[in-house]
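Chains as they are written, first to last, in our numbering: chain V, 46 to 450; chain E, 46 to 450.
Think of the hints as simulated: they come from the structure by calculation, not from any bench.
One or more of the hints may lead you astray.
Note: identical chains are not told apart, hence a pair may lie in one copy or across any two.
Simulated pairs of lysine-lysine, PhoX-like, Cα-Cα distance not exceeding 25 Å [to be verified]:
#, residue 1, residue 2
1, Lys256, Lys74
2, Lys221, Lys208
3, Lys344, Lys328
4, Lys344, Lys69
5, Lys294, Lys83
6, Lys294, Lys74
7, Lys294, Lys225
8, Lys75, Lys256
2 protein chains.
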Amino acid sequence: MIQVAILGFGVVGGGTAEVLTQNKALIEKKVGDSVNIKYILDLREFPNSPLGHLVVHDFNTILSDPEVSLVAEMMGGAHPAYDFTRACLEAGKSVVTSNKEVVATFGTELLEIAAAHGVSYMFEASVGGGIPIIRPMRVDLASNRIESVSGILNGTTNYILTKMVTEGASFETVLKDAQKKGYAEANPAADVEGLDAARKIVILAAMAFGKRLDPNAIPCEGITKITTADTDLARELGYAVKLIGHTEKSIDGRILAMVSPRLVPISNPISGVNDVFNGILVKANMVGEVMFYGPGAGKLPTASAVVADMVDIMGHDAASLRAPVWTDAAPEDMADINAYVCRSLVVLDAPAAAADKLAAIFGELNVLRHTEGRLSFISAELTESEVCEKIALAGYPLVSRIRLL
Amino acid sequence: MIQVAILGFGVVGGGTAEVLTQNKALIEKKVGDSVNIKYILDLREFPNSPLGHLVVHDFNTILSDPEVSLVAEMMGGAHPAYDFTRACLEAGKSVVTSNKEVVATFGTELLEIAAAHGVSYMFEASVGGGIPIIRPMRVDLASNRIESVSGILNGTTNYILTKMVTEGASFETVLKDAQKKGYAEANPAADVEGLDAARKIVILAAMAFGKRLDPNAIPCEGITKITTADTDLARELGYAVKLIGHTEKSIDGRILAMVSPRLVPISNPISGVNDVFNGILVKANMVGEVMFYGPGAGKLPTASAVVADMVDIMGHDAASLRAPVWTDAAPEDMADINAYVCRSLVVLDAPAAAADKLAAIFGELNVLRHTEGRLSFISAELTESEVCEKIALAGYPLVSRIRLL
Chain V
46 MIQVAILGFG VVGGGTAEVL TQNKALIEKK VGDSVNIKYI LDLREFPNSP
96 LGHLVVHDFN TILSDPEVSL VAEMMGGAHP AYDFTRACLE AGKSVVTSNK
146 EVVATFGTEL LEIAAAHGVS YMFEASVGGG IPIIRPMRVD LASNRIESVS
196 GILNGTTNYI LTKMVTEGAS FETVLKDAQK KGYAEANPAA DVEGLDAARK
246 IVILAAMAFG KRLDPNAIPC EGITKITTAD TDLARELGYA VKLIGHTEKS
296 IDGRILAMVS PRLVPISNPI SGVNDVFNGI LVKANMVGEV MFYGPGAGKL
346 PTASAVVADM VDIMGHDAAS LRAPVWTDAA PEDMADINAY VCRSLVVLDA
396 PAAAADKLAA IFGELNVLRH TEGRLSFISA ELTESEVCEK IALAGYPLVS
446 RIRLL
Chain E
46 MIQVAILGFG VVGGGTAEVL TQNKALIEKK VGDSVNIKYI LDLREFPNSP
96 LGHLVVHDFN TILSDPEVSL VAEMMGGAHP AYDFTRACLE AGKSVVTSNK
146 EVVATFGTEL LEIAAAHGVS YMFEASVGGG IPIIRPMRVD LASNRIESVS
196 GILNGTTNYI LTKMVTEGAS FETVLKDAQK KGYAEANPAA DVEGLDAARK
246 IVILAAMAFG KRLDPNAIPC EGITKITTAD TDLARELGYA VKLIGHTEKS
296 IDGRILAMVS PRLVPISNPI SGVNDVFNGI LVKANMVGEV MFYGPGAGKL
346 PTASAVVADM VDIMGHDAAS LRAPVWTDAA PEDMADINAY VCRSLVVLDA
396 PAAAADKLAA IFGELNVLRH TEGRLSFISA ELTESEVCEK IALAGYPLVS
446 RIRLL
């Protein structure tokens, strides 16, 4: 019998217990052994839960029980989740997690500790909820050099952007609706400012390129400034507006990673990923482009990924299944965002007569539009610095600028 | 050093050699050992290939070489591919393959032989080309009870259907164009009649439900009867027409599997899978719906999946990574197609005045249309038998009937 412990009996912790209970028979068949939840760590009591009797309040009960060989950490937040994870790994217990903050911030160290102790640290659920992405990148794309990863990594913002497009409602209106429905938190900053997506792109970049960037150093632009004028214009031009986490190796071998709203052409399968769903497009040198699509959050989907990691560890010799040990990126491993080249939709508060001046400054102006005193165009491929310089040079107030993917 | 052999130096065999050569450094880093192609089996000579000196014509050279521990079979066709695979497994060599015919027909036996000899038989490349699907179903969805799998499994037919929609050209015209471009074979029957998709849905059903159905028993309807009138009407009603391989557990626990054209609502992510791309949607009881999208065929994408299996085997203790052993389905494990329930688009050669009679027979008639002497409607949910009976009862010539997904 394999004894497991769950840290945190919130949404995902509860879901993990539910998956282990409801699909017990098929899980045990795959593992080839019986699986038992021995403890659930939480500060609260759960008198009405059928698993309430498993709740303990002292982490040391779990840490000091040699029968517990596998721990699922779903506490959220950096501390004490990191500290408990570290202690479990050092005690020879494998750990699986959905905690993107811990993985993005402390992943390198925790993977090293796991390897040193012959146990596993797995985090499929930390990116894309129930969508298989971490293991497919590690195993299924093992024969490829990964070139870039672009994804809709946050369900809350994707729900908001989808509603803005389909209902023509403003960001503020849709945000309130999302908060009512439980899709957005009372303090939505981590989602709408792109911080959640930034942590996830750090994890995906580490999987793709073997280097963990500092999550706080990721250039990050949220969706709070996106207007229905932007989404309407984008649709008219054949694009969807999506909050995209993007990472790629730049020509000089450094890693670029950023989170920002993007115009995604409708020919790109990511453009059709709507509502709270996530989609992650991986470009690799042999397979070309593959996309992984599904529920990027939610109780049971996320728990599905947590328990998949548990089954993987329980069913195998753990030592052969350690996640890849990436290293921490040095500051010089990170590409300068100012050198990043892309096309942009630029909207300026300018008269139609300004087109000639703008053409002289920007060169090519694609699909030029002039409505309501605003000039909109798609620029040629320019670096971030070049775009900013040219906008300044034009001398007209910038209404919005959205990069193309 | 790990010595491998390639059986068949055609498109995928050549691609496999290319992936192993071009990504040699990263593959060897993941495997933790050097990897060498020792032999390539083919009847032909390849004097202009840099690997031409590795070509042998006698399979026994490979079989009797104890240094060769891993064989990639990309010969195509049932024989001698099956016989060579069997011999390799019995000799204690692991085998990976892209050969869907061998896996769908002889998979059960070959998996058993692999298990008995402590080696692996893997076939990620047999479905969906470069798209990760077999291993994600086995490992990433291990915590789920799979409920259904629906996929665009054949790139040739998807290319044809996409062109029929975007260019309004007939099946015959687009087929000729696809043949010119190398997307369709001179004899396109296996693709356009759905036989290729039928083999793939057999493999996916075996992964999902643990039972291998007889590929020859799969109800299979191709796209040869689809007209631009069908695709135009579908688009007008908010659907795409796709050739879908579908499998599900029916209520009585039996397995339904079929290949047929389907109307896919545009809200379903599969509807946006166009051109030669494949997309596979898996419904499972915990994660909900996840979709895997990418290139369903082609030299390097398919080879990417072949080499992913090779890396998985080379990098691990083979015994811990045997593919799941499914069993052969008994005839009674297979659901009766006549009991399958779905809605259908029905087009009859009938006057507008027939609507009342049809309503009396079919009950609800959704989105009724009458153009060019044809009455089109979407039926209520009916079994296959019921639909056929009601169409016969109506007494008007059937122009077309397409099931909804």
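How the hints compare with the structure:
no.	hint	in the structure
1	Lys256 to Lys74	between (37 Å within a copy, 15 Å between copies)
2	Lys221 to Lys208	within (12 Å within a copy, 42 Å between copies)
3	Lys344 to Lys328	between (29 Å within a copy, 16 Å between copies)
4	Lys344 to Lys69	within (17 Å within a copy, 41 Å between copies)
5	Lys294 to Lys83	neither (44 Å within a copy, 33 Å between copies)
6	Lys294 to Lys74	between (42 Å within a copy, 19 Å between copies)
7	Lys294 to Lys225	neither (40 Å within a copy, 37 Å between copies)
8	Lys75 to Lys256	between (33 Å within a copy, 15 Å between copies)
The earlier numbered hints that this structure contradicts are 5 and 7.
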